Amino acid sequence: DGGITQSPKYLFRKEGQNVTLSCEQNLNHDAMYWYRQDPGQGLRLIYYSQIVNDFQKGDIAEGYSVSREKKESFPLTVTSAQKNPTAFYLCASSIVGGTNSPLHFGNGTRLTVT
Amino acid sequence: DQQVKQNSPSLSVQEGRISILNCDYTNSMFDYFLWYKKYPAEGPTFLISISSIKDKNEDGRFTVFLNKSAKHLSLHIVPSQPGDSAVYFCAASARGGYSTLTFGKGTMLLVSP
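Sequence order for the protein chains is A and B. Sequential numbering from 2 applies to the first sequence in my numbering. Sequential numbering from 793 applies to the second sequence in my numbering.
Mixed in with the good hints, there may be bad ones.
Cut-off 20 Å, straight-line C-alpha distance, at most; resulting in silico cross-link-like pairs (SDA-like, lysine to any residue) [stated by the list, open to error]:
| hint | chain 1 | residue 1 | chain 2 | residue 2 |
| --- | --- | --- | --- | --- |
| 1 | B | K897 | A | P40 |
| 2 | B | K897 | A | F89 |
| 3 | A | K10 | A | D39 |
| 4 | A | K58 | B | A886 |
| 5 | B | K897 | A | R45 |
| 6 | B | K897 | A | Q42 |
No lab work stands behind these hints: they were computed from the structure. Nothing here was measured: the structure is a model prediction, and the numbers come from that model.
Starting from the given sequences, assemble the full structure and let the hints guide the process.
In structure tokens:
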């Protein structure tokens with residue numbers, strides 16, 4: 002079955018530690034995205050990548066970093082510089098360039114930083 | 793500045809009746825609109841989309857209407873079922889869907905038996 006795998010589902014970290022969230026897709030999609038969801042908020046774009054070895058900042062990139070060394074993988078690092086890291090993080094992918102290419106989402110990682 | 797607004801945080805409907813979820817947008821460059829459905833602790837799933845060249849798109853029980861002059865779209869679910877209870881996100885993009893999506897804050901739909 003094709004899809005997006007995010008791991009782990011729940012993640013706990015101490016304040017001041019960097020943490021990396023995993024995202025893998027086997028849909029052969031070129032584009033991958035990271036969103037953050039907070040209670041009562043919509044999904045806000047952190048970073049996205051339309052091709053291997055290239056990525057762009059989204060609306061709330063501060064305190065985050067990404068890499069795209071392989072087409073199927075797009076890990077997100079939440080650094081200690083992120084002031085409010087506790088949130089639900091969603092990874093997504095899509096076919097680049099299509100007008101009928103909706104995002105396919107993973108099931109998310111809930112990060113709690115104390 | 794919110795470019796995609798879902799002004800109703802929640803909506804309650806009885807099973808079998810129509811559910812109408814509304815969405816307004818401010819960016820006149822948006823020309824492709826989507827609805828996503830999300831259950832708790834899961835990722836959103838794509839439901840239905842509409843291009844600005846159309847004013848209606850239908851898929852089974854789900855119909856999306858677009859009023860470009862009012863910058864308003866709505867999702868109709870008929871008939872509503874308890875399994876439809878979820879958070880519904882409206883999203884929009886520009887350049888025919890080539891740009892990234894901007895999401896609204898979502899509306900939680902509760903369909904009671």
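Consistency of the hints with the structure:
no.: 1; hint: B/K897 / A/P40; result: 9 Å, holds
no.: 2; hint: B/K897 / A/F89; result: 14 Å, holds
no.: 3; hint: A/K10 / A/D39; result: 16 Å, holds
no.: 4; hint: A/K58 / B/A886; result: 17 Å, holds
no.: 5; hint: B/K897 / A/R45; result: 10 Å, holds
no.: 6; hint: B/K897 / A/Q42; result: 5 Å, holds
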